[in-house]
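Participant: Here is what each chain is made of, one letter per residue.
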Amino acid sequence: MDDQQKWVKIQRAFEAPIDAVWKMWTDPDLFKQWYGPMGMSVPTAEMNLVVGGTRKICMEMKTPERTMSMWFIGVYKEINSPSRLIYTESMCDADGTILSPESMGMPAGHPDVTEVIVDLHETNGKTIMTMVHVGVPEGSAGGGGWKQAFEKLAELVSKTA
Amino acid sequence: MNESDQLDAAFAALANPTRRAILARLAQGQATVNALAEPFDMSLPAVSKHIRVLEAAGLITRGKNAQFRPCTLNAKPLESITNWTEQYRHIWDARFDRMGSILKNMKEAKDG
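Taken in sequence, the protein lines are chains A and B. Start counting the first sequence at 1; every next residue gets the next number (my numbering). Start counting the second sequence at 1001; every next residue gets the next number (my numbering).
Quick caveat, the hints were computed from the structure, so don't treat them as lab data. Take the hints with a grain of salt, since some may be wrong.
Chain B is nowhere near these chain A residues, computed Cβ spacing over 12 Å in every case [said to hold, decoys possible]:
#	residue
1	Trp34
2	Val50
3	Val51
4	Val75
5	Thr114
The calculated lysine-lysine pairs, modelled on DSSO-like cross-linking and capped at a C-alpha distance of 27 Å, are [claimed, not checked]:
#	chain 1	residue 1	chain 2	residue 2
6	A	Lys32	B	Lys1049
7	B	Lys1104	A	Lys23
8	A	Lys23	A	Lys56
9	A	Lys23	B	Lys1064
10	A	Lys126	B	Lys1107
11	A	Lys23	A	Lys77
Every value quoted in this text rests on a predicted model; they were computed, and no experiment measured them. No residue lacks a Cβ here, since even glycine has one placed at the ideal position from N, Cα and C.
Use the sequences and the hints to build the structure in full.
Facilitator: If you want it as structure tokens, here you go:
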């Protein structure tokens, strides 16, 4: 399903000035506080905040059995403080070598490279944030679905068991 | 459960390697609790507990046969989890909730 829309758009309004919201995205210490999903912490956030600069994030989940780390690397494509930010993101290892999402146990069709676009504007002391996270399909022809996801899961489980 | 609650339950259930291994086994076909417990170095009650979590999350269903009650994979909640956009929408929503509360705390600290 090549024509499947692979993007997420979310709009939020915050009772905060635009500079404060911009810092949430660009100050590593602030970014670490909100970015980790579902019980994951963010021990590393390196941000070379220039166009073409590298951005590297580590997310970590601790279970009684082991600690799972996921690394993401990308570059800044547009930086227009404090209203527009665009960066790319790919899964990588701790050294920054890009990994295919499928080798990490993600479902087939998960894009190799994604792009995050953040638009901010302030009205009456409120900041409206629009975030678009779009998949850049490169050789990810899709057609996978959950069955293949399970095969990957089974593979991953057998490797880590 | 609404869709968001179901996703929450499914994500929580999947955040455990034993439960992922159980699901991976069930992807090959239904199995009894005893058969599922076999590869693990843990007690039967411990494995049963994991199975109850998966059942509560709607990821597996149990047969009616009172003695064996085999477990079967229910793929429905996984369809939305493995859908890239659904997965990310869910993750970003949780992130932005936290961003909102941090911004709120900063404002209160400044105003107060």
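Participant: Evaluate each hint against the coordinates.
Facilitator: Results for each hint:
1. The beta carbon of Trp34(A) sits about 4 Å from the closest Cβ of chain B, which is not more than 12 Å, so the claim that it is off the interface is violated.
2. For Val50(A), the non-interface assignment is confirmed: its Cβ lies about 24 Å from the closest Cβ of chain B, beyond the 12 Å cut-off.
3. With a closest Cβ-Cβ approach of about 24 Å to chain B, Val51(A) is found to remain outside the 12 Å limit, as its non-interface label requires.
4. With a minimum CB-CB distance of about 20 Å to chain B, Val75(A) clears the 12 Å threshold, and the non-interface call stands.
5. For Thr114(A), the condition that its CB be more than 12 Å from all CB atoms of chain B is violated, with the nearest at approximately 8 Å.
6. Distance restraint check for Lys32(A) and Lys1049(B): the Cα-Cα separation of roughly 33 Å exceeds the 27 Å cut-off, and the hinted pair is therefore not satisfied.
7. Among the hinted pairs, Lys1104(B) with Lys23(A) is consistent with the structure: their alpha-carbon atoms are about 14 Å apart, no more than 27 Å.
8. A C-alpha spacing of about 17 Å is found between Lys23(A) and Lys56(A), which places the hinted pair at or below 27 Å, so the restraint holds.
9. Of the supplied pair hints, the one linking Lys23(A) and Lys1064(B) is violated, its CA atoms being roughly 55 Å apart against a limit of 27 Å.
10. Simply put, Lys126(A) and Lys1107(B) have alpha-carbon atoms about 12 Å apart, close enough for the 27 Å limit, and the pair holds.
11. At most 27 Å may separate the alpha-carbon atoms for a hinted pair to count; Lys23(A) and Lys77(A) meet this at roughly 17 Å.
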